[in-house]
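Under numbering that gives the first Met the number 0, the letters of the sequence shown match residues 0 to 344, in that order.
Treat the hints loosely; a few may be bogus.
[To be verified] For lysine to aspartate or glutamate, the following DMTMM-like pairs were computed, each having C-alpha atoms within a straight-line distance of at most 20 Å:
| no. | residue 1 | residue 2 |
| --- | --- | --- |
| 1 | Lys-94 | Asp-50 |
| 2 | Lys-94 | Asp-224 |
| 3 | Lys-94 | Glu-342 |
| 4 | Lys-94 | Asp-340 |
| 5 | Lys-94 | Asp-256 |
Think of the hints as simulated: they come from the structure by calculation, not from any bench.
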Amino acid sequence: MPSLLVLVPFCDEHVAALRRAAGPGWTVERHGPADASTPTAACSGRYDLSDDALVEALVRADVVIGEPAPALLRRAADAGSRLRLVQMTWAGTEKYTRSDVAFPAGVSLCCAVGGFGQLISQYVVAQVLGLMQNLPAYRDEQRLHRWRDLGPVGSLDGARVLVFGAGNIGGWVARRLRGFDCEVTGVCRDASRPRPGFDRLVTLDAAEGELARADVVVGALPNNDATAGWLDGRRLRLMRPGAVLVNVGRGNFVDCDALAGVLAAGGIRGAALDVTSPEPLPADHPLWAEPRCAITPHVSGGSFGRHRQTEDNICAICCDNLSALCTGAALRNLVPASAFDVEPR
Numbered sequence: 000m001p002s003l004l005v006l007v008p009f010c011d012e013h014v015a016a017l018r019r020a021a022g023p024g025w026t027v028e029r030h031g032p033a034d035a036s037t038p039t040a041a042c043s044g045r046y047d048l049s050d051d052a053l054v055e056a057l058v059r060a061d062v063v064i065g066e067p068a069p070a071l072l073r074r075a076a077d078a079g080s081r082l083r084l085v086q087m088t089w090a091g092t093e094k095y096t097r098s099d100v101a102f103p104a105g106v107s108l109c110c111a112v113g114g115f116g117q118l119i120s121q122y123v124v125a126q127v128l129g130l131m132q133n134l135p136a137y138r139d140e141q142r143l144h145r146w147r148d149l150g151p152v153g154s155l156d157g158a159r160v161l162v163f164g165a166g167n168i169g170g171w172v173a174r175r176l177r178g179f180d181c182e183v184t185g186v187c188r189d190a191s192r193p194r195p196g197f198d199r200l201v202t203l204d205a206a207e208g209e210l211a212r213a214d215v216v217v218g219a220l221p222n223n224d225a226t227a228g229w230l231d232g233r234r235l236r237l238m239r240p241g242a243v244l245v246n247v248g249r250g251n252f253v254d255c256d257a258l259a260g261v262l263a264a265g266g267i268r269g270a271a272l273d274v275t276s277p278e279p280l281p282a283d284h285p286l287w288a289e290p291r292c293a294i295t296p297h298v299s300g301g302s303f304g305r306h307r308q309t310e311d312n313i314c315a316i317c318c319d320n321l322s323a324l325c326t327g328a329a330l331r332n333l334v335p336a337s338a339f340d341v342e343p344r
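Can you make the complete structure from the sequences, with help from the hints?
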């Protein structure tokens, strides 16, 4: 009898949907996070059973939904696991693709790309508007019981926006910004294929030339070698003095040390970082005290315990892939073998 192992805190309604997607004859084994005190802790990849017990559960499972440690997947595979699919509830796959532990050969890995764009795009718009309207600075003034006009503000109306990443998250950002009549340029690998919401598309090689004309720069990129550290000090200094930067993709896209220097010098209007490198930043990093920088702890996607729509989206992806696995259809968000640093075995 095939078995589904659920390691994330899906509600009963979502588990029922997973059962329907799998079809009759499947058993479902559920375990929760080791720490459910916060949404971030609940999504940490640590669970409420011992490593040995989790390996035994993985050996029994045909499909696992969650992010068990690569070493435990390896142990289960070496013990004769019948696992066919690891369905992640995260968009990023680095936990497995960048691991020095070989992912089990013959096991499909799928991620949850497509689950987070709706909410992350709202975060981007909120941060851009807040920075343009000096709202963080006015909050600081309020704490000091001070009534003071902080001067000129920016506007999104007709703004030129440069979005690094034209996938699900970047696409949602572009569509949200169309309501402000923004001119949105997307940065992607293939600029020849039109994408909804974008006025223009350019490749990464051409993106540097776009920085000087952008009022808003948004990072919505996955983690890869080509984009790591791309927005460094030299490129940050190409941005307009009134520009706003928001990073919601991967922290290593932006050189945070260089950003601190640019902000301190008044090089750009402000920045909002939901992701950083390292994550979190050291307690003594200057960005913590920089009044023109808003930092949030990687929460813009609103995963389990934070936003129901995101949970619904993740569940729908899981259901699609369960059904596809059972019918032999193509899996959604399948990670290719070429993405792994260590060849699966």
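Now for the hints, and whether the structure bears them out:
Between the alpha carbons of Lys-94 and Asp-50 the distance comes to roughly 17 Å, so the proposed pair stays at or under 20 Å and holds. About 15 Å separates the Cα atoms of Lys-94 and Asp-224, which keeps this hinted pair within 20 Å; it holds. Of the pairs offered as hints, the one joining Lys-94 and Glu-342 holds, with about 14 Å between alpha carbons and a cut-off of 20 Å not exceeded. For the suggested pair Lys-94 and Asp-340, the alpha carbons sit about 11 Å apart, so the restraint of at most 20 Å is met.
Of the pairs offered as hints, the one joining Lys-94 and Asp-256 is violated, with about 25 Å between alpha carbons and a cut-off of 20 Å exceeded.
Comparing the model with each earlier hint shows a violation of hint 5 alone; every other hint is respected.
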